[in-house]
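Novice: One-letter residues, chain by chain:
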Amino acid sequence: MKRDLALLLGILLALLAALLLWALHATLALEPGPRLAELASARLEQTGVSNPVTAVLLNYRAYDTLLELAVLLAALLGIWSLGPAPAGYQRSGPALAALVDWIVPLAILAGGYMLWVGGHAPGGAFQAGALLGAAGVILRLSGEPSAGLPGEPAQRWLVVLGAGVFALVGGGLLASGFGFLTYPPGQAKWLILLIESAATVAIGVTLTAAYVGGRPGSGTAHNGTGQSRTVQR
Amino acid sequence: MSAQFLYGGAGILLFALGLWSLLVHEALLRKLIAINIAGGGVFHVFIAIAYRGDTAPPDPVPHALVLTGIVVAVSATALVLALHRRLEQAEEPAADAEVLSESASASSAAPPPRTPAERTPGTPHPETPHG
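In order, the protein sequence lines correspond to chains C and Z. If you read the first sequence in my numbering, its first letter stands for residue 0, the second for the next number, and so on. If you read the second sequence in my numbering, its first letter stands for residue 57, the second for the next number, and so on.
Isolated chain C (complex conformation):
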């Protein structure tokens, strides 16, 4: 019965895939109509950045990215509300520890580069934040229970930094008569860089905290998990 159902679903989904493939093929065969790309590249000079993807994310559709940071924050708040973080991993041996000592600073350095290069080439806050998050995951895996994150109050400030700075810039522009997240000409680049820098730190901290997987400062981290386990073994 169960197997018959799976087979039936497989046939139906194969038909759906065939229909979608036909639709894609027919669409690609058509003459391309007007696209947003022309509009996006026509005004690129005024956006303050020369990478069109960054221009879309931080200028044309900046409110989209603001809400995206809010989604990230909401997911982390959901994870924190589920209880304290589980105990970390056992301390790594000397070889892995030496490797981690090299990889983590390099990941942070590469994150800074990614942030800057996003203005004119592929890169930006999310890529840079992902690198920072990867550094945090590596630290956690190597037996650092806090994954390199600061204490609870600082952590709470850092995770709202991205959406907070974004909303403050938008509100400030609104108050000074430009409209929400409508950058004044000439200052767009520095406002975007400010938002992206704050977003990078916030994304890195949020991803790391999500990997740690629980509310900070609620017991487990202070039980000295890493060290007591090293003693036990």
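To be clear, the hints were calculated from the coordinates, so they are not data collected in a lab. Computed from a predicted structure; not experimentally measured. Just to be clear, a hint being listed does not mean it is correct.
Facing chain C, from chain Z, some residues (calculated, C-beta under 10 Å) [claimed, not checked]:
#1 G65
#2 I68
#3 A72
#4 I89
#5 P116
#6 A138
Just so you know, even glycine gets a beta-carbon here, dropped at the ideal spot from N, CA and C.
Position chain Z relative to chain C; hints supplied.
Specialist: Just chain Z now, with coordinates in the frame of chain C:
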């Protein structure tokens, strides 16, 4: 055109495979992986549609949408993994009680419960997010 169709078509196939796996399998982790694969297929289609020929640069709008989509997918995955771990923790005491009652009737000592200290760096928990 044919490379574009190949790339977008591969995305459609990934989407269909992910959707099938999501509907057929019962385990939550398999469903989660299936959703992510289906989402990856949708991203493929978006990237394929952004292509505008060899002479023009790709359309940046679908690229930005995919970037947004990846972040939302990672957030949702992390939250689901945390929920999944809580579900497992809620089920564990019941399972332990069953083991205890069985071993008591067989008059043998119950095995000691597994502690987090047994985890080593080489064997991370399968449900830890890799975001």
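Novice: Take the hints in turn and mark each one as holding or not.
Specialist: Hints and how they fare:
no.	hint	result
1	G65	holds (5 Å)
2	I68	holds (5 Å)
3	A72	holds (4 Å)
4	I89	violated (17 Å)
5	P116	holds (4 Å)
6	A138	holds (4 Å)
Hint violations for this structure: number 4 only, all remaining hints satisfied.
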